[in-house]
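> Here is what each chain is made of, one letter per residue.
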Amino acid sequence: MKITRNVIFICFILLLLINTPFKAKAGGLSTQLGEVVIENLQIGHTYNLKKLVNLQLIVTNTSDYAVELKMEVLSPDKSELRQEAEPIPDPSWVKLSQALFKLIPNEKAISDIRLSIPDNDRYLGKKYQVTIWSHTLAGSGGGMFLAYGLKSRIIFTLDKVRQAKSEAVTSSDARVDFKLKPEEIFLEKVELGRVYDVEKNAGIVLKVTNPNEREQIFKLQSLKVKNSMATLVEEYQDAPDTSYLKFSENRFVLPPKGTKTIKIYLNFPQKKEYSGKKYMFIIHALAEGEKVTTGVYSRLYASIK
Amino acid sequence: MKTKFFIIICCILLLLSIDLSSALAANPANINVTVTIQNLSVNATGPMAFGTVVVGSATVSTAASTVTNDGNVTETYSLNLTNPGGWTAVQAIPAAEQYCLSARFNTTQPASGTFTYVDHALSTTSTACSATQFAGDQTGLSVPATQTRSLWLKFEAPSSTTVTTQQTIAVTITASAG
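One line per chain: the protein sequences are V and R, in this order. Going by this note's numbering, the first residue of the first sequence is number 187, and it counts up by one from there. Going by this note's numbering, the first residue of the second sequence is number 306, and it counts up by one from there.
It is worth saying that the hints were derived from the structure and are not from the lab. Just so you know, these numbers come straight off a predicted model, no measurement behind them. Please note that the accuracy of each hint is not assured.
[As the list claims (entries may be wrong)] Derived CB-CB ranges, DEER-like:
| hint | chain 1 | residue 1 | chain 2 | residue 2 | range |
| --- | --- | --- | --- | --- | --- |
| 1 | V | Lys264 | R | Gly390 | 26 to 34 Å |
| 2 | V | Thr356 | R | Thr430 | 34 to 42 Å |
| 3 | R | Asp442 | V | Glu272 | 50 to 58 Å |
| 4 | V | Val419 | R | Ala397 | 31 to 39 Å |
[Claimed, not checked] Covered, in the sense of this in silico footprint (three residues per stretch, anywhere, with C-beta under 8 Å from a C-beta of chain V), are these stretches of chain R:
| hint | segment |
| --- | --- |
| 5 | 339–350 |
| 6 | 370–376 |
Beta carbons: idealized from backbone N, C-alpha and C, even for Gly.
Based on the provided sequences and hints, a complete structural model is requested.
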């Protein structure tokens, strides 16, 4: 009896593991929404991020095969918390317009994100974080499968004061989907005491693209990490002085669908304390609006010679 | 009498000034929305290949899955599995109807004995990679954009089973920024 059972088991395992199609397939997902920070929301209001700043969760199936995709709203684990945020008190504050998708290769899953803040004074001035986990589901049939996932972070703060219901802003024509490229810039062997032209030395320029159908004013500024919503990366120190990072233009107007190329210059003074160090700067592009300001970050990492 | 009146007026003015400043401080702030991380992306090759597995044995995959950060920012991976209907994953030597699946980032095929339950055994909870978690001579922690990692799996079969239908085990690789 025992021998028969073991034979059945071995056959089963062979089915499970050997019957798996061994031809390697490439699978994956991508999204433009890695992390977004929303400041000064009002308690007692519901915000559809599409209506507020034209922001949706868009996930692309980059696999060379069809997948089933699920989007789940999760309270983050302690180790995942950033910027001294607390986990969202209840993930049900966040609703997605659609959570299950069937995607062919290169197809996009698009979902609206709706954030409802309860009308309770104890939430005034709080900072919360919520995770949206977009992941593929196991395929049918037997075997060992790989599935793929992306965790998008939403960090939001609640205004310290209550606003009259009639005055609260829950929609605008602001857009946060403008492009600032590249997202990360790594510079090596930056010399002290001379202007480092990033285009000449590394072949990199900044590009800002206006996706709007109307003209838009943009601003560029250099930030210390501690004065931004970003997190300092291990091995790097915060920028000692934001004036060391300059742009060819700080304020400019872009026509509808227009793109602007901006040159970047680093100018570290000849000080021994900077020698051999690694510094991180935040480049902040802002599109100013009357009630809603939108921004996008890029990060610049400079290793000093 | 005049002094008392003067003090009262001063107090009223002081109170008014406090009221006025608190009213100013209570102005609601404009909404700021900042996308701090763009373009999160992960890609991997699969499924994982195993040779013949027998009851109570342990097998390391014969080929690695190449996991690529094809986004534009540094990413940390998290790993979890989905149990098949008939078996339960454990982070110890498996008994009947249990199995253990472990994962390790390594450039070459790791020896079976280099996997530990504490650092490498997968569970249904998504667990972030660290300097030790799922680590070999590579890690899934802070993987720079465009870089690849090789992921190897070790399967420890149940000591015995009554399951006679084909099962599916999915290992999910999740990327988050940072």
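> If a hint holds in the structure, say so; if it does not, say that too.
Hints and how they fare:
The hinted window of 26 to 34 Å between V/Lys264 and R/Gly390 holds, with their beta carbons roughly 32 Å apart. Separation of V/Thr356 from R/Thr430 is about 36 Å and conforms to the stated range, judged on CB atoms against 34 to 42 Å. As the Cβ distance of R/Asp442 to V/Glu272 is approximately 37 Å, the hint placing it in 50 to 58 Å is violated. Against the hinted window of 31 to 39 Å, the Cβ-Cβ separation of V/Val419 and R/Ala397 comes to about 36 Å, which satisfies the hint.
Judged by the Cβ-Cβ criterion of 8 Å, the segment 339–350 of chain R is covered by chain V as claimed, because 12 of its residues qualify and three suffice. Here's how the segment 370–376 of chain R fares: 4 of its residues keep a CB closer than 8 Å to some CB of chain V, so the rule of at least three is met and the hint holds.
Of the numbered hints listed earlier, the single one contradicted by the structure is hint 3.
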